[in-house]
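Undergrad: The listed protein sequences derive, respectively, from chains A and B. In terms of my numbering, the first sequence opens at residue 2 and continues consecutively. In terms of my numbering, the second sequence opens at residue 10 and continues consecutively.
Worth flagging that the hints you see were computed from the coordinates, not collected in a lab. Check before you lean on any hint, since a few could be wrong.
Said to hold, decoys possible - Stretches of chain A that chain B covers, calculated by requiring three or more beta carbons in the stretch to come under 8 Å of a beta carbon on chain B: (1) 11-22; (2) 54-65.
As the list claims (entries may be wrong) - Cβ pair distances, simulated, as ranges: (3) 34(A) with 148(B): 52 to 62 Å; (4) 31(A) with 171(B): 48 to 58 Å; (5) 33(A) with 171(B): 31 to 41 Å; (6) 75(A) with 60(B): 42 to 52 Å.
Quick reminder that beta carbons are idealized off the backbone N, C-alpha and C, glycines included.
Given next are the chains, with one letter for each unit.
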Amino acid sequence: MIINHPLLGPCDAQEFTYLGDARLIDRPDGMAGDAEDAFYHYAYLRDNPAGEHRELWFHEQGDRSWLVVTRNTVTHQITSVELARDVARKQGRGV
Amino acid sequence: MHDLAPLTALGSSAPQRDTIGPVTITENPDRALASVAARLGQDAACTKALASVLGTSAPDVAQCVQGPALGAFWMAQHCWIVDGPYDLDDPQTDLAARLKAELGDMASVTDQSGAWVRFDVHGDGLGALFERLCNLDMARMTDGTARRTMIDHLGCFVLSHRGGNTVYGPRSSAQSLHHALITAARSAF
């Protein structure tokens, strides 16, 4: 499998490690009133779609960037690769 | 006062040099390294300040540059490794301290000199050698390219420049990396 890195171009999937669902970057506020329930959902509950899935990959043997990869879990076709940093910034986080 | 003799990463008093076929692999212990990582919101300012320290523009994605005294290569977004000559006799040349003095709060600077071993690889047929060592696309490794990759399970940087290729690998695995280079060269030539 080849992941088309937004900066470095096509890279072998061997260079990456997989974390899981991209929703993991939306960590709930631990100080909020419903934190217990929110963290239960955050830590344990995942969708397991047969189809398009947004997931986090780490370019460990490359530039050490976190990527949000949209991959079809049935065909392994990758339709979109973004830097996780850009995804977070689009949500108004960071600078 | 202790009287300690400096050793190279391979454990000798002099750098090792191996010539196999058309390729020469030389250990290069005379380089000081420091990593420079721009702090949050300081990307543009740090890139500019680094360029003035290097005397040439800071390396862009997957590039390496060589200025009059210092060189640098791209490691990640707004994160570089700077290398320069290592002079044991003159503590004033401490590279990380010099960079920190220039870059101030724009960047986090970490001395990396003791973390890496450097091998310079010269000669013809470097493509055949490196294709056996790593999965980089050697046809795209033009002069001034710097990429991180895996060589025999070791995370290494491969820099391509006019004089040949340079490999930076983990110093604590220097002998393993040297073995990988030698074995691949014997296989290729």
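Undergrad: Now tell me, hint by hint, if it's right for this structure.
TA: Right, here's what the structure says about each hint:
Coverage of the stretch 11-22 of chain A by chain B holds [criterion: at least 3 residues with CB-CB distance below 8 Å; count 3]. Counting residues of the stretch 54-65 of chain A whose beta carbon lies closer than 8 Å to any beta carbon of chain B gives 5, which reaches the threshold of three, so the coverage claim holds. Between residue 34(A) and residue 148(B) the C-beta distance comes to about 58 Å, which sits within the given range of 52 to 62 Å. Taking 48 to 58 Å as the suggested C-beta distance range, the pair residue 31(A) and residue 171(B) conforms, at roughly 53 Å.
Taking 31 to 41 Å as the suggested C-beta distance range, the pair residue 33(A) and residue 171(B) does not conform, at roughly 57 Å. The beta-carbon spacing between residue 75(A) and residue 60(B), approximately 47 Å, falls within the hinted interval of 42 to 52 Å.
Checked against the numbered hints above, the structure breaks only hint 5 and satisfies the rest.
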